[in-house]
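Asks: One letter stands for each residue in the lines below.
Number of protein chains: 4
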Amino acid sequence: MLILMKSNASEQQLEAVAARVRDLGLTPHPLKSSSRTVVGVTGEYNGLDPAVFSALAGVSKVVRLSVPFKLAAREFHQDDTVVDVAGVKIGAGQKLCVMAGPCSFESEEQVLEIARAVKAAGASIMRGGLFKPRSSPFSFQGLQQGGAKIMDLARQQTGLSFVTEALDEASLELVEEHADMIQIGARNMQNFTLLKKAGQSKKPVLLKRGMSATLEEWLTAADYILSGGNSQVVLCERGIRSFATHTRNTLDLSAVPAVKELSHLPIIVDPSHGTGIRNYVPPMALAAVAAGADGIMVEVHNNPEQAKSDGGQSLFIEQFRQMMEKIPAVAKAVGRAV
Amino acid sequence: MLILMKSNASEQQLEAVAARVRDLGLTPHPLKSSSRTVVGVTGEYNGLDPAVFSALAGVSKVVRLSVPFKLAAREFHQDDTVVDVAGVKIGAGQKLCVMAGPCSFESEEQVLEIARAVKAAGASIMRGGLFKPRSSPFSFQGLQQGGAKIMDLARQQTGLSFVTEALDEASLELVEEHADMIQIGARNMQNFTLLKKAGQSKKPVLLKRGMSATLEEWLTAADYILSGGNSQVVLCERGIRSFATHTRNTLDLSAVPAVKELSHLPIIVDPSHGTGIRNYVPPMALAAVAAGADGIMVEVHNNPEQAKSDGGQSLFIEQFRQMMEKIPAVAKAVGRAV
Amino acid sequence: MLILMKSNASEQQLEAVAARVRDLGLTPHPLKSSSRTVVGVTGEYNGLDPAVFSALAGVSKVVRLSVPFKLAAREFHQDDTVVDVAGVKIGAGQKLCVMAGPCSFESEEQVLEIARAVKAAGASIMRGGLFKPRSSPFSFQGLQQGGAKIMDLARQQTGLSFVTEALDEASLELVEEHADMIQIGARNMQNFTLLKKAGQSKKPVLLKRGMSATLEEWLTAADYILSGGNSQVVLCERGIRSFATHTRNTLDLSAVPAVKELSHLPIIVDPSHGTGIRNYVPPMALAAVAAGADGIMVEVHNNPEQAKSDGGQSLFIEQFRQMMEKIPAVAKAVGRAV
Amino acid sequence: MLILMKSNASEQQLEAVAARVRDLGLTPHPLKSSSRTVVGVTGEYNGLDPAVFSALAGVSKVVRLSVPFKLAAREFHQDDTVVDVAGVKIGAGQKLCVMAGPCSFESEEQVLEIARAVKAAGASIMRGGLFKPRSSPFSFQGLQQGGAKIMDLARQQTGLSFVTEALDEASLELVEEHADMIQIGARNMQNFTLLKKAGQSKKPVLLKRGMSATLEEWLTAADYILSGGNSQVVLCERGIRSFATHTRNTLDLSAVPAVKELSHLPIIVDPSHGTGIRNYVPPMALAAVAAGADGIMVEVHNNPEQAKSDGGQSLFIEQFRQMMEKIPAVAKAVGRAV
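Protein chains in written order, with this note's numbering: chain A, 4 to 341; chain B, 4 to 341; chain C, 4 to 341; chain D, 4 to 341.
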């Protein structure tokens, strides 16, 4: 940690900072440059909030030297983690993982038809919401318990694995029982109670990036899950909020190489929420693969025009098939099988 | 609702859109301009997701004519709501409400000393966390149950009302029992399970704006609480995430006049989280009052340099006193008592 | 154009709006829904600022039905434009165009060495600044006139075409004389005087997206150039400003499919400025190709560690070669030659 | 300057960094902590681009210890600058400065009527565009030369001072000749050629903040003007681009206390562009004064409903008068006269 003093900080203020550093069992190393003094801090300060120093008089800024997350950090865990979703492996060296399915489960017919189609086109995991975190309390909230049974049936018939979102402690239990992977949505990325609960699960977790989360915040949220003992976490970039309005969110594909540098966890990309526009999904899915993502998650519907939610960003089944035909060549070009 | 067709949409696509509108029991009104056709939709479509139309072929965009929230909307409820926090009234025509206190409760001495000081300086509600939603699982997580007893004691000794944050269902019960107002934090603004639970409470709720929430999303979150039967909601602007780095968040004071136009709910401003820098808090608090806010919420600590969290943005008690001396004249200038 | 009235707008206000519409030679079409009235406007209103209606009492919002740009719009010009840079063709159906070179020209040796290397690796256009728009007046400002001569020499020796940035009217003349393509930088995207001047040039123009420009603003800036009679404009996505800090800018690859839908102009991507970090450039360049870009522009330096500017985001020559080996397969996978 | 090495940087990489520091005539001070090494750099490195170090192998990040601007920095110039606009003084200790007028000059009658009205209500400087930097080439571009004569006439009749925008070198000459203060607009904040030209002028300059400019970039742009010898620069906050859509821009009032800490230059606020909505202008103008701004700039029109541009954000004259009645009490509450 480095403590940058203000250019007009007094000797007494510098002394007080050094004293506070020593109080906390650490060692201060003042370095005076022409314009200001910096105090390097060495010792064991795991878990110490840098803000304790920014509160002191004469301090301009505190700069961390280490990342705020630990368990998710490549720094402390060099080898890539491989996550196993009921036999489907995600991560370094493994085949590109394709997750596909509707926004929400709406009926048995809908789920089974989509399941067969995405399986045939090459997907290995099916997505689909049982509970919907709708912005408005007056909108469709999902099939819930009824959807869980349809999920079991679809697994039996197709052999696909299933990922679905848990919204709270109650739904997490249902999801844990029926799904193969628990999804934590963007809105819940910092719902620490839910993260801790997911950390105690035996099922792998898909952690979506919050709408305005930095990579540090996202990986620190992953630490909440990992610190509970669950090492099976996959990250999912799904677009961030920016000023741009041509897409629903701004898909930040640079998160792929950046997460690979900072962390050992696998990362996949969701271009459906990342763009919100059906026709932009295939090019952005291909781009995600080219950028080195470990997988993609896309919304596909047998009848998007009648979908209860997210119809505008759901691919037609035929569109999904065509996209899946192009993916192997892109994956191969960047050294990955499908 | 207006459905804008693409400029190259075909007659059949237009027909299909009109048919879908009629299917939903609504009436389509096509209007053809030189460059494209717009379909106005009339009828009762409460709760209908506009996305059902954006999924149709040939549709460019769907424009709502009404706001997506209802119960929070001034459109449907003209008179300003006044919220009563154990006798302290917040809202139109009422005195400016000042909430002050530490980020977290740390000890009995700390709480009592700050309580007496902020009461003497003119605050009517004390803030302070029992549970802390810390980004890292390794940081201080709050006094919890122990803090609740200190709160009761401080109320007895000073007559202040208390607001504190609930993080989940379990903590909401404790907060509901001991505090006078339940705070829902920025990170939980779209934790719909928690919002629904708060909607069933008899205690008033302080709903902070999410870090990247539009006003529509914020007011729709308020609808979740209101629709549970709890009409006592106060909104709190606390800064949004932008590219700017000179402050921790970007305090969006224009939310004050905008919320007053869109909604009947009271709105207060938190310049402590809004700036993250102690010396910017007093000018921004005064600005919030001048902009017409119904109150302010500021962090004050008896010893910010030793605070367990947010020390850098907490006012010294003396600083708070000096700020409180300037507030009445600004409030009066914009027609409000303190 | 649609004029949305406020829900509490009076009949008189509606009348006044209709009258203003008629005054401007247009026809109003009021449509009353349960919650409010919308006035559709038909007729010829090219160039009319929608703000003229938002100024009227009772008006809530004005919604355009057509895009604000014309000459750049696919709506009015279906076929893809192909831009010719001294024989190198950019745009639909043409080979992927690779532009590469240093941030700034620093010396004859530097330029010639890089020129030979990028040519050998497959680039067809060389980039490199003669003038540098440096944030600080105290930084290196470019070789200027001296660099132009080096450019001529490098063209002679390698047969590459050259693109370089013009900062103002004076530098535009020099650039026009020596380069094959005039670059307008992100900071000048709305320097309308410079855009008009570029519109009068016979040389093709590379128009970078402004740091916080929407696609509408960007394409309207292109209209400034096109309206001067210069039809040879290539757009370049180079990252936008967001809250994210893991990259210098946030590369918005979704601009590629979106621009292709809205406009007939070619679009290329600059992952060097888009990320600002050397190691993220190759994956993002591959992603740009997979997303359907007509080309890429990357910074390459023979000695990035000694570069006068942007060294941290410049590829080593060897790194560039390795990236160029992967590009053909990705391009081919999405149906394009290199 | 501090150079943070990566956690896995080798001894050789550290050596190479130290060698490069010494090559540049500076002194390296390595500090090893448990997780990584930091190299403090001391010596005279004015104008050195920190990026020269971020290009080196093993370097994670470079942290500046001093601000990138010099002449605008309070660090090097403690006393507040007072700017004199033809007798109207702006800055510390001086009366609050009110600039008011239409977006554009449209006719002699319009200008004279507004001039008399804003003068009577207490403004001391009139604003109004001769040249309009319109996003579209097809929109109204200003009265230009003709407007300059109207300006001279209005000055004669009212004694007001005038500020108007220069778009390029040609318009700067006309503005310099007729106006009392040269405005550099948000879109030109990094038009370095224009900034240098303004730096050679004898007239004071109003420098608006760019739409996505950090305070460092803004103050560095001011350095371009100051380094030309013109010390008379006033900064103007006018809203930044964020995801929020309830206002045209997000007015960042925290820039007021932050600029006052970082710089000695006066700062004013433009709530008209900052919000884009007429009814939000008075509360935000009052908030700007409460936050400590040295002045405000607002758009006022004698007939906003017929204005050629920005009508929706222009105050009616009567609205301006009412706002001006509240301002003195707010100004006085924060220790400033009007």
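Please keep in mind that the hints were generated in silico from the structure rather than gathered at the bench. Take these hints with a grain of salt, some might be off.
One copy or two, it doesn't matter: identical chains are merged, so the pair holds either way.
To be verified - Below, simulated DSBU-like cross-link-like pairs (lysine-lysine); rule was C-alpha separation at most 35 Å, straight line: (1) Lys92 - Lys35; (2) Lys122 - Lys73; (3) Lys205 - Lys64; (4) Lys152 - Lys335; (5) Lys152 - Lys9; (6) Lys73 - Lys35; (7) Lys122 - Lys335; (8) Lys122 - Lys199; (9) Lys73 - Lys98; (10) Lys35 - Lys206; (11) Lys335 - Lys199; (12) Lys206 - Lys335.
Quick caveat: nothing in here was measured; it's all calculated off a predicted structure.
Asks: Taking the hints in turn, state whether each one holds.
Replies: Tested hints:
{"no.": "1", "hint": "Lys92 - Lys35", "in the structure": "neither (52 Å within a copy, 39 Å between copies)"}
{"no.": "2", "hint": "Lys122 - Lys73", "in the structure": "neither (37 Å within a copy, 42 Å between copies)"}
{"no.": "3", "hint": "Lys205 - Lys64", "in the structure": "neither (41 Å within a copy, 38 Å between copies)"}
{"no.": "4", "hint": "Lys152 - Lys335", "in the structure": "neither (37 Å within a copy, 43 Å between copies)"}
{"no.": "5", "hint": "Lys152 - Lys9", "in the structure": "neither (62 Å within a copy, 40 Å between copies)"}
{"no.": "6", "hint": "Lys73 - Lys35", "in the structure": "both (31 Å within a copy, 20 Å between copies)"}
{"no.": "7", "hint": "Lys122 - Lys335", "in the structure": "both (21 Å within a copy, 26 Å between copies)"}
{"no.": "8", "hint": "Lys122 - Lys199", "in the structure": "within (33 Å within a copy, 37 Å between copies)"}
{"no.": "9", "hint": "Lys73 - Lys98", "in the structure": "within (27 Å within a copy, 46 Å between copies)"}
{"no.": "10", "hint": "Lys35 - Lys206", "in the structure": "neither (52 Å within a copy, 41 Å between copies)"}
{"no.": "11", "hint": "Lys335 - Lys199", "in the structure": "neither (38 Å within a copy, 45 Å between copies)"}
{"no.": "12", "hint": "Lys206 - Lys335", "in the structure": "within (30 Å within a copy, 39 Å between copies)"}
The structure does not agree with the numbered hints 1, 2, 3, 4, 5, 10 and 11 stated previously, though it agrees with the rest.
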